[in-house]
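Protein chains in written order, with the working numbering: chain A, 831 to 1117; chain B, 6 to 323; chain C, 26 to 350.
Derived by calculation from the structure, the hints in this document are not laboratory data.
Mixed in with the good hints there might be a few duds.
Pairs of lysine to any residue, SDA-like flavour, derived with a Cα cap of 20 Å [as the list claims (entries may be wrong)]: (1) B:255 <-> C:292; (2) C:272 <-> B:208; (3) C:272 <-> B:263; (4) C:293 <-> B:208; (5) C:178 <-> B:280; (6) A:1000 <-> C:201; (7) C:293 <-> B:247; (8) C:178 <-> A:1044; (9) A:918 <-> A:866; (10) C:178 <-> C:200; (11) C:266 <-> B:269; (12) C:293 <-> B:280; (13) C:293 <-> B:277; (14) A:1000 <-> C:131; (15) C:178 <-> A:1110; (16) C:178 <-> B:258; (17) C:90 <-> A:942; (18) A:1000 <-> C:139; (19) C:90 <-> A:917; (20) C:178 <-> A:918; (21) C:200 <-> A:1016; (22) C:293 <-> B:263; (23) A:918 <-> A:976; (24) C:293 <-> B:201; (25) C:90 <-> A:1006; (26) C:178 <-> A:1109; (27) A:1071 <-> A:917; (28) C:293 <-> B:191; (29) C:90 <-> A:1003; (30) C:293 <-> B:297; (31) A:918 <-> A:1044; (32) C:90 <-> A:1002; (33) C:272 <-> B:201; (34) B:255 <-> C:288; (35) C:293 <-> B:38; (36) C:266 <-> B:262; (37) C:90 <-> C:266.
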Amino acid sequence: MIGAQTGRFAKIRYRLGASWLSLWLGGFITLCLFATAILSYFWTPHSVARMNMRARLQAPSLDHLLGTDHFGRDILSLLMIGSQSALKIGIVAVAIGLVLGVLLGLAATARGGWFEELAMRASDLLFAFPVVLLAIMLAATFGPGSVTSMIAIGVHNIPIFARLTRGGAKSILAREFVMASRVAGRSSSYIAALHVLPNVLNILVVQATISFAIAILADAALGYLGLGTQPPTPTWGRMLKDAQSFLSQSPYLAIFPGLAIAFTVLGLNLFGDALRDLLDPRSSQGR
Amino acid sequence: MALLEVEHLTVSLPTSDGWVHPVDDVSFTVSRGEILSIVGESGCGKSTTALAVMRLLAENVRIAGQIRLDGADLLQLSEAEMCALRGNRISMIFQEPMTALNPVKTIGFQIMEPLLVHTSMSRTEAREKAIDLLARVGIDQPARRINAYPHQLSGGQRQRIVIAMALACEPDLIVADEPTTALDTTVQRQILDLLLRLVSETSIALMLITHNLAVVSEVADRVMVMYGGRITETGPTSDVLAHPIHPYTKGLIGALPRADLPPGERLVPIAGVVPRLVDMPSGCALADRCPAVIDACRRARPAERMIRPAHQAACIRA
Amino acid sequence: MSISHQASAVLSVEDLSVRYRLPRRSLFAAPEWFAAVTGATFSVGKGASLALVGESGSGKSSLAKAVMGLEPASAGAIRLFGQDLASLSANELRELRRRFQMVFQDPYSSLDPRHSIQRIVIEPLRDVARTEARERAAEVLSHVGLGVNDLGKYPHQFSGGQRQRIAIARALVTKPDLIVADEPVSALDVSVQAQVLNLMQDLQAQYGMAYLFISHDLAVVEYLCEDVVVLYRGRVVEIGKTREVMKDPAHPYTQELVNAMPRLGGGKRRPAAKQQVKAGSPDENANATGACPYMSRCPRAAEVCRVAPSLRALGNGRSVACHLS
């Protein structure tokens, strides 16, 4: 089946076929993002803590590669530091939603009956609850900040993943291999973990990359209301918001954070797609 | 002249491994009032042949050869001209009656639709015709049932509705792709009887695609056996089934559980599996599975030869 | 049926009923039930092969699921190897599952596309060490005509017939005493169907397990099974030796079924006279009126049929549920 090619690397490459490029490109972008975030803890081209009103709203130059903002801070440095919170918010918010949502969805389908009804109605209720209101309540208790916004966005993600998991699981549970597993004497938790989850993983991976991007933007919106990550910590979302007032004078302000978000989402999406194909034995070609 | 003449029909499909040919140089005819059965296992090209005749294949598929209906080549027609023909002079019956019917429209609406599209009938005339058609396919109280929705009918009745739709414009040719496969045995018998009666009453030509040799035996005038996209044997049904020439036809008959099989007698399966289209042997398609294979079989593709009157087979060992 | 026969039976089903709750028409409507199986009684002896035959809606699949412990019985009993299925605890049932396995209809749906063949085949083996499980998997795969190097492959790499062999290997891996096969060949092509039928025969000769074979195809049933139970709308209408039932069906429904079988070499049928079928789906609640469920279709229906007949023995292991035969 693999012919002359041997080794793990060749096998993976063979299995991925056309999505080989996705894995490479997506992986590269994602890696860059993480590297940037780590680097920014130790070094940035300029300090972002100090304002420099003489150098405000500058166009890109050799000194400031991506220009400066309305406080005269270096955009590149801000973006680098912003990647820290982008990653944190994205990972934590998606993780909360993914883990709890998938557990809820799986439990609901595995148990069925009144439990399923209750769990899904509860998740509907959560979904109907505005994320801003949730953040206000959390902020009132814990104070505003990045943690508050992570939790609020994460909790809001739970019903999304729960619904998705349940929808996928329902169709998987109707397949005969699930019945075969029951006949083989396997428990519901075995079936949920080893039959249902692997088969719904692909849709979850795609949703996770989408939710990641939405989380970054949602944090920006919350920050705007004074509920999300607080200034002076720079975030991509707030940079985008701040840029609105200077859009005519200095479009760079909006373009670069926008590009940063777009590239991150693109990278994660490609990576997610490739991951999904890698996880699917059917994607290997031929016999 | 036969109603439908198919000559050197080849359907080519692009794949990552190059072009493959689900239908490979197939020629046959169907006359008015005749039931031709195309029989074979999954992947033999029988359904693709049917869809090619209807010109319902996907855009990226290449069709070569000629498909002549009353002398006019269907492959030369524009899509608009073909649309005017489909459901009008040629119509199709599908395997799954539930998916062939629109669940949110009454059966009356669905039978009237081809009439309103293809003829100049008024709604009242079309409605009367629809009631008449329902009666013809054996639905009782047709005037009342015309307002029913598909889910209110049983599987067999739904297939009758699909047949009524196919009959609506009094077509010359009906292509039926596994029309009874999804039905119970007792219902299958009724639907087959219905098709037989319709053909004998109206001189429609019927192309019946099926995998079931027993069904072929009871219904078809002529049978065409396909394997690997090619015709292996064609002839009068009784002759082909009683005196099969091609090893594949013999194999199919030997593999069939039959009521008249003596106790203790084993079925004789055909060894191996159907090759995938990309792995189709260059010689005889059956070469790797044939008990009578010789070297010459692998070298060149066998041509169809007349072995007995009207009975052809593509086997060099016949 | 004698007591001793029951004792040696691998499976005995006694007066079994299975019913499903229909979706409520409104929130406060009383729950409605659909009787899938009503009062079925039969048994499968050690190493025997019994077929359940009927058309869609006859309850044959519900019966199979109930036997497999996948659906609860609403009345009656299912005894497997002498033990009442309903009296077993979840753990006892799981333990007993080694002894009865199932093969499903659709080999494309019954194998998890994300599991390797090894993982699929050893699924029924719990509490078995990995190396031993692998050996067992290799052994059963060789019995169904596949090889050790197929263990690491995935279902999509196999054809329908090969997949069904894998499903049979999975059922075989615990060396069960009973295999319930739900239409195992109806999704397969004729040539492959013959391969699988012969394989099932050979395996039975080799291992001596019993088959409960569910099918709508009388020809297949006649080839594989010695005894047959004919079901109509959830009721057993006829039981007997397959050959005798096919040759001389006693129940009018069995007669209709046997006559409707398309036959090879019978010659082309003459176009029949026009039939009128009754529109609408058949009356699903014949059970409620207490009449014979076949009455509305029966050409011989009489006044006496307003009371549903019970199964009565005709001798020679033959029973029929009809007042008139």
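Quick rundown of the hints versus the structure:
For the given pair, residue 255 of chain B sits about 18 Å from residue 292 of chain C by alpha-carbon distance, which is consistent with the 20 Å threshold. Note on residue 272 of chain C and residue 208 of chain B: the hinted pairing is violated, with a Cα-Cα distance of about 37 Å set against a maximum of 20 Å. A threshold of 20 Å between alpha carbons decides the hint, and for residue 272 of chain C with residue 263 of chain B the separation of about 13 Å falls inside it, so the pair holds. A threshold of 20 Å between alpha carbons decides the hint, and for residue 293 of chain C with residue 208 of chain B the separation of about 17 Å falls inside it, so the pair holds.
Note on residue 178 of chain C and residue 280 of chain B: the hinted pairing holds, with a Cα-Cα distance of about 19 Å set against a maximum of 20 Å. Taking the CA atoms of residue 1000 of chain A and residue 201 of chain C, the gap is about 30 Å. The hint is violated against a cut of 20 Å. Pair hint residue 293 of chain C plus residue 247 of chain B holds up; C-alpha atoms about 13 Å apart against a cutoff of 20 Å. For the given pair, residue 178 of chain C sits about 39 Å from residue 1044 of chain A by alpha-carbon distance, which is inconsistent with the 20 Å threshold.
A C-alpha spacing of about 13 Å is found between residue 918 of chain A and residue 866 of chain A, which places the hinted pair at or below 20 Å, so the restraint holds. Distance check on the hinted pair: residue 178 of chain C and residue 200 of chain C sit about 23 Å apart at the alpha-carbon level, beyond 20 Å; violated. Between residue 266 of chain C and residue 269 of chain B the alpha-carbon distance is near 15 Å, which keeps this suggested pair within the 20 Å criterion. Restraint check for residue 293 of chain C and residue 280 of chain B: the C-alpha separation of about 33 Å exceeds 20 Å, so the hint is violated.
Restraint check for residue 293 of chain C and residue 277 of chain B: the C-alpha separation of about 32 Å exceeds 20 Å, so the hint is violated. Between the alpha carbons of residue 1000 of chain A and residue 131 of chain C the distance comes to roughly 18 Å, so the proposed pair stays at or under 20 Å and holds. A distance of roughly 13 Å separates the Cα atoms of residue 178 of chain C and residue 1110 of chain A; the hinted pair therefore holds under the 20 Å criterion. Proposed proximity of residue 178 of chain C and residue 258 of chain B is contradicted: the alpha carbons are some 33 Å apart, above 20 Å.
Taken as a hint, the residue 90 of chain C and residue 942 of chain A pair is honoured in the structure, with Cα atoms around 19 Å apart against an allowance of 20 Å. Proposed proximity of residue 1000 of chain A and residue 139 of chain C is supported: the alpha carbons are some 17 Å apart, at most 20 Å. For the suggested pair residue 90 of chain C and residue 917 of chain A, the alpha carbons sit about 50 Å apart, so the restraint of at most 20 Å is broken. Proximity of residue 178 of chain C to residue 918 of chain A is assessed by CA-CA distance (about 39 Å); at most 20 Å being required, the pair is judged violated.
For the hint linking residue 200 of chain C to residue 1016 of chain A, the alpha-carbon distance of about 17 Å falls within 20 Å, and the restraint holds. The hinted pair formed by residue 293 of chain C and residue 263 of chain B meets the criterion: a straight-line CA distance of about 17 Å does not exceed 20 Å. Taking the CA atoms of residue 918 of chain A and residue 976 of chain A, the gap is about 9 Å. The hint holds against a cut of 20 Å. The straight-line distance between the Cα atoms of residue 293 of chain C and residue 201 of chain B is roughly 10 Å, inside the 20 Å bound, and the hint therefore holds.
Pair hint residue 90 of chain C plus residue 1006 of chain A holds up; C-alpha atoms about 12 Å apart against a cutoff of 20 Å. A distance of roughly 14 Å separates the Cα atoms of residue 178 of chain C and residue 1109 of chain A; the hinted pair therefore holds under the 20 Å criterion. Only pairs whose Cα atoms come within 20 Å are accepted, and residue 1071 of chain A paired with residue 917 of chain A is accepted, the gap being roughly 19 Å. Restraint check for residue 293 of chain C and residue 191 of chain B: the C-alpha separation of about 18 Å stays at or below 20 Å, so the hint holds.
For a cut-off of 20 Å, the pair hint linking residue 90 of chain C to residue 1003 of chain A stands: about 15 Å separates their Cα positions. Between residue 293 of chain C and residue 297 of chain B the CA atoms are separated by roughly 30 Å; this puts the pair beyond 20 Å, and the hint is violated. Proximity of residue 918 of chain A to residue 1044 of chain A is assessed by CA-CA distance (about 13 Å); at most 20 Å being required, the pair is judged to hold. For a cut-off of 20 Å, the pair hint linking residue 90 of chain C to residue 1002 of chain A stands: about 18 Å separates their Cα positions.
This hinted pair does not check out: residue 272 of chain C and residue 201 of chain B have alpha carbons roughly 27 Å apart, beyond 20 Å. Our distance criterion of 20 Å between C-alpha atoms is met by residue 255 of chain B and residue 288 of chain C, whose separation comes to about 16 Å. Between residue 293 of chain C and residue 38 of chain B the alpha-carbon distance is near 14 Å, which keeps this suggested pair within the 20 Å criterion. In summary, the hint linking residue 266 of chain C to residue 262 of chain B is supported, as the alpha carbons are separated by about 17 Å, within the 20 Å threshold.
Using a Cα cut-off of 20 Å, the hinted pair residue 90 of chain C and residue 266 of chain C is violated, with the two alpha carbons roughly 24 Å apart.
Going through the hint list in order, the structure does not satisfy hints 2, 6, 8, 10, 12, 13, 16, 19, 20, 30, 33, 37.
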